[in-house]
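Trainee: Sequence:
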Amino acid sequence: MISSKKDKQAFLTDPEHWFNTQQLEVCQASLNEILSDKANQLKHHKKIKEEMGVLSRKIGAAKKQKEDSTQLIADMQKLSADAKAVQGTIREAEECLLSLAEQALETSASPASEDQALNVQFAAFSEQEFEHIEIAELKDQEPNGQGFEACVEFVKMHPQASVYHLPNWGGLLNKVFGHKSIYLYARAEGRVLGVLPLVQLSSRLFGNFIVSMPFFNYGGVLAINDQVAQLLFDKGQLFAKALGAHHIEYRSRSKYSQMPGHEDKVSMWLALPDKAEQLWEAIGTKLRAQIKKAQRLGLQTEVGGEELLDDFYQVFSVNMRDLGTPVYSKNFFRKILQNKFSSTRLVIVRHQGKAVSGAFLIGFQERIEVPWASTLRDANPTNANMLLYWTMLDYACSSGYKTFDFGRSSKDASTYNFKKQWGAQPVQLYWHYGLPEGAELPRLNPNNPKYKLLIAVWKRLPVWLSRMIGPLVVKNLP
5 MISSKKDKQA FLTDPEHWFN TQQLEVCQAS LNEILSDKAN QLKHHKKIKE
55 EMGVLSRKIG AAKKQKEDST QLIADMQKLS ADAKAVQGTI REAEECLLSL
105 AEQALETSAS PASEDQALNV QFAAFSEQEF EHIEIAELKD QEPNGQGFEA
155 CVEFVKMHPQ ASVYHLPNWG GLLNKVFGHK SIYLYARAEG RVLGVLPLVQ
205 LSSRLFGNFI VSMPFFNYGG VLAINDQVAQ LLFDKGQLFA KALGAHHIEY
255 RSRSKYSQMP GHEDKVSMWL ALPDKAEQLW EAIGTKLRAQ IKKAQRLGLQ
305 TEVGGEELLD DFYQVFSVNM RDLGTPVYSK NFFRKILQNK FSSTRLVIVR
355 HQGKAVSGAF LIGFQERIEV PWASTLRDAN PTNANMLLYW TMLDYACSSG
405 YKTFDFGRSS KDASTYNFKK QWGAQPVQLY WHYGLPEGAE LPRLNPNNPK
455 YKLLIAVWKR LPVWLSRMIG PLVVKNLP
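Using the numbering used here, you'd call the opening residue of the sequence shown number 5 and step up by one each time.
Check each hint, because a few of them may be wrong.
Said to hold, decoys possible - Using C-beta positions, here's what the derived DEER-type ranges look like: (1) Ala78 / Thr289: 26 to 34 Å; (2) Ala192 / Ala43: 51 to 59 Å; (3) Leu242 / Gln91: 52 to 60 Å.
To be verified - With a straight-line cut-off of 20 Å between C-alpha atoms, the simulated SDA-like cross-links for lysine to any residue are: (4) Lys339 / Val156; (5) Lys344 / Thr93; (6) Lys415 / Trp376; (7) Lys269 / Arg412; (8) Lys479 / Thr329; (9) Lys179 / Glu310; (10) Lys334 / Leu313; (11) Lys68 / Lys51; (12) Lys334 / Ser347; (13) Lys239 / Asn335; (14) Lys479 / Arg257; (15) Lys88 / Lys143; (16) Lys269 / Glu55; (17) Lys160 / Ile340; (18) Lys358 / Arg412; (19) Lys296 / Ala286; (20) Lys297 / Ala286; (21) Lys47 / Ile77; (22) Lys344 / Val180; (23) Lys339 / Gln318; (24) Lys47 / Lys82; (25) Lys245 / Gln234; (26) Lys334 / Leu476; (27) Lys479 / Leu176; (28) Lys279 / Gln342; (29) Lys53 / Ile77; (30) Lys424 / Pro19; (31) Lys339 / Leu313; (32) Lys479 / Ser333; (33) Lys184 / Lys160; (34) Lys179 / Lys160; (35) Lys339 / Met472; (36) Lys406 / Glu285; (37) Lys479 / Leu209; (38) Lys51 / Pro19; (39) Lys143 / Met80; (40) Lys406 / Gln425.
To be clear, the hints were calculated from the coordinates, so they are not data collected in a lab.
Please read these numbers as outputs of a predicted model, since none were measured by experiment.
Ideal Cβ placement from N, Cα and C applies to all residues, glycine included.
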């Protein structure tokens with residue numbers, strides 16, 4: 005949030021304007037105390053500087069009259085030391101303000117703030133001691149399978165959980181892409197203590213590896229403690245070895261200190277107020293003006309389900325081609341829309357009856373995420389994208405969600421700054437790797453130079469051809 009020198013200066017000048025209501029409630033008492041101390045120190049510093057000014061004039065006059073100024077100079081040195089000490093205290097207060105801001109933002113965007121009752125329940129559960137912990141594979145990843153409901157209940161209780169930790173997602177990816185899905189869970193005394201969803205991707209072009217979870221931003225181990233987590237990691241590595249996989253990639257909001265990985269990605273989360281009207285006021289005049297422009301131009305919005313899939317896919321596939329990225333099959337999105345364990349919606353923006361912008365929403369617990377959003381390039385002058393995001397935020401507030409997840413971004417990239425302007429704050433993502441000893445970190449991403457030519461070629465494909473061959477390629481890209 006407060007990374008650049010300009011942002012820091014703006015924050016220190018008027019810190020309260022950087023917080024939304026919920027964030028301000030988190031830190032109001034401490035903020036008032038620090039601001040009061042800083043104000044007193046600034047007054048003290050001003051007084052010292054005034055005394056130094058008077059003393060400086062006296063020293064100048066004494067030197068002009070060739071009088072002894074030794075004592076005056078000693079007094080000046082003492083005042084100068086006092087001024088430096090006060091400046092140090094002021095800097096400490098400013099550092100406290102910046103630290104307080106980060107803490108308040110983390111609290112407002114953390115799972116604990118999403119559902120305090122669940123967090124308390126999980127804390128009590130995690131303090132229990134269990135013996136003879138067993139790691140098992142959930143063979144039947146369909147509803148009503150043995151152990152399925154117990155795993156679902158554990159995921160719903162865990163504060164770091166995402167919808168992709170639910171056991172049916174691996175089965176969904178198996179049906180759409182044919183990937184082998186493995187769902188590990190820890191159990192003892194009839195209780196589930198942890199889960200680890202794994203999906204194998206294997207191709208001649210990109211290699212053989214396992215991801216938790218591919219195609220999405222979240223995955224990794226969910227466990228009641230480090231001991232259970234390590235048992236799941238160890239079991240996962242055994243499966244990787246048995247399948248001949250080179251490595252396992254874990255996409256998590258938890259840091260695994262024992263594993264190498266990347267920390268260059270963040271998710272952008274916005275704590276939502278109770279009513280959309282409050283958010284409308286909070287986003288500021290600039291964003292409101294951009295949204296109103298789209299409305300004045302007659303753009304219309306629609307929120308719905310599978311009946312909007314053709315419109316969404318038309319916009320999404322064109323945009324992916326323009327970006328040089330292979331597109332998923334339409335069936336992939338259809339299967340997600342039909343998944344009963346999450347709330348899914350499509351949002352469409354139309355201009356003169358034509359779909360020009362679209363987004364896919366996935367809601368789980370009190371957080372709603374937009375993993376995919378696209379706008380046709382020729383619709384950019386209409387501000388269709390701004391209207392799209394406002395429609396999603398309006399829907400999220402009206403539906404009772406507490407957090408809006410704008411999705412993954414690289415730090416300080418254009419998408420990061422776009423999401424930040426809505427008030428979203430970064431939530432660190434950790435992509436860790438279970439690697440063979442001495443192996444380098446994988447570089448299977450668009451920034452890898454060896455994929456630059458492929459991206460450039462893909463941008464020149466006809467859309468119909470990109471839809472035909474894209475799903476065959478992207479199924480093996482995590």
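Trainee: Could you tell me which of the numbered hints above are not met by this structure, giving the numbers in increasing order?
Mentor: 1, 5, 11, 13, 14, 15, 16, 18, 21, 28, 33, 34, 38, 39
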